Amino acid sequence: MCLALPARITEIHDDDSATVTLGGVRKHVSLALVENTEVGDYVIVHVGYALSKLDPAEAERTLALLTSLDAGAAA
Amino acid sequence: MTALSGIEGELAVGILVVDATVADVRLRSTRTTGVGAMLMGRPMGEALSLVPMLFSLCGIAQGAAAANACEAAIGITPSAAQRAAREILILGEIADSHGWQIAMEWPRFGGGCPGHGLLLPLRKATSALVPALYPARDWIRPGGGMLLPDAEKLSDTRLRLSVAIDRLIGDGFSRLQNADDLQDWAQSHDNPASRLIARIVADDMGSFGRSGVAALPDLLPGWFAEHLTSAPDFSQLPHFEGKPAETGAAHRIASTPLIADLKRRHGNGLLTRFAAKLVELASLPARLAALSGYLSPEHPGETPPEPTGSGAGLADTARGRLAHWIALDRGIVRDFRTVAPNEWNFHPKGALVRGLVGLPACDDLRRRTDLLIAALDPCVPCRVMIEEHAGA
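Protein chains in written order, with UniProt numbering: chain A, 1 to 75; chain B, 1 to 392.
One should not assume that every hint holds.
Said to hold, decoys possible - With a straight-line Cα cutoff of 27 Å, these simulated DSS-like cross-link-like pairs (lysine-lysine) come out:
id, chain 1, residue 1, chain 2, residue 2
1, A, K53, B, K124
2, A, K27, B, K124
3, A, K53, B, K153
4, A, K53, A, K27
To be verified - Across the chosen pairs, the derived CB separations fall in these ranges:
id, chain 1, residue 1, chain 2, residue 2, range
5, A, E60, B, I386, 40 to 48 Å
6, A, D15, B, A289, 34 to 42 Å
7, B, C113, A, K27, 20 to 28 Å
8, B, E306, A, E60, 24 to 32 Å
9, B, T229, A, E60, 30 to 38 Å
10, B, V18, A, D15, 46 to 54 Å
11, A, D15, B, D233, 42 to 50 Å
12, A, D16, B, I386, 32 to 40 Å
By construction, these hints were calculated from the structure, which means they are not laboratory data. These numbers were taken from a predicted model, which means no experiment stands behind them. Glycine included, every Cβ here is placed at the ideal spot set by N, Cα and C.
So that you can see chain A by itself, here it is in the shape it has in the complex:
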């Protein structure tokens, strides 16, 4: 999608894929386009692929911002 939603890796699987959580929703994504990922890392997800790894502080900051936008949209 257009907005960069940071997803947190909760489990890494043998087939170069991972389970991530995004806004409380679990998703299965491929790790084929990122390297050296670990459980707990934040990644940007695009149509089923983790595109890039994020600095945890940046990810938390972005999540807080996007959550405020979502709350505004839902209001």
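Please arrange chain B on chain A, whose structure you already have, making use of the hints.
For chain B alone, kept in the frame of chain A given last:
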């Protein structure tokens, strides 16, 4: 509602078929265009640092447009070296985006499987550009960051990018001069790009989606400032002189021989739009080399304390022209507005709609519609619904 569930936007395309003809196409976008609201009330530097982090596909272009807008508002002009460095980063992002389309999306239409193995070397090459130019990663500062170009790393990156592009689309694409050359190239190569081009030619779909929607001209930032500030809905429904316009690679490189010939034969149909992404991708290593000639080490630009003013800035994404407008009040963002390529190309009376209305609704209307959508390349997922009615 879960947190963040409300901002995963999409584009819904409703096609109404009456008597086997596409009678109407209705677009409904839930893409978030309200990012500016998140930045209002923040200090300029903080807002700028947030912009690239908010966008997954075009963060650098978004950041560059915002930085350009701040510079216009403050009244400073970055040096030629800083402008060249910023442009190199933008071209790297365009390479990523075209590469994604070709490797991951085009196999859906041309055959084969999505090829992340072809995409990864390209992405690894472009990811080296920021550290090779701005080791402190402060490229988004107004006036430019601490620019320390590493000639060796940049040269290596260009070489790796060139090899990755050749692996993706085959070598020699830059030498194609006309539609016949393109057809020969498609027949003599076997990669996701050649397979898609060959399929479009074989199915006689080169002109599919051709429309009378004009290209968005190369407008100055002031034009965008005027329209973003005077029309409340310009961000969602942009227009040029009251009419929709199309923006993208086909218009950026319209004068290259291959695209000029394709436009003569197919207008802005599928073949022109897809080939333009290939021409642009193939040209990027040479463009990076040319821009590198302007680079030199430079300290960060000076910005006045607590600036007040407003201005617009532009940047190109793979999908087309992006414009930001910002108003600063003593260093705080008072207003922030944007208009993105998605809103030009997926305007309710724009290129997609005009490319479909009036066409015969043949058996493979859905596939053709998906192809046209891929050619226009929305930045959010797209859902197509076809509704058929008998006429009166």
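Now the hints, each set against the structure:
no. : hint                         : verdict
1   : K53/A <-> K124/B             : holds, 13 Å
2   : K27/A <-> K124/B             : holds, 25 Å
3   : K53/A <-> K153/B             : holds, 22 Å
4   : K53/A <-> K27/A              : holds, 16 Å
5   : E60/A <-> I386/B: 40 to 48 Å : holds, 43 Å
6   : D15/A <-> A289/B: 34 to 42 Å : holds, 39 Å
7   : C113/B <-> K27/A: 20 to 28 Å : holds, 21 Å
8   : E306/B <-> E60/A: 24 to 32 Å : holds, 28 Å
9   : T229/B <-> E60/A: 30 to 38 Å : holds, 34 Å
10  : V18/B <-> D15/A: 46 to 54 Å  : holds, 48 Å
11  : D15/A <-> D233/B: 42 to 50 Å : holds, 47 Å
12  : D16/A <-> I386/B: 32 to 40 Å : holds, 37 Å
Every hint, counting from the list given before, is met by this structure.
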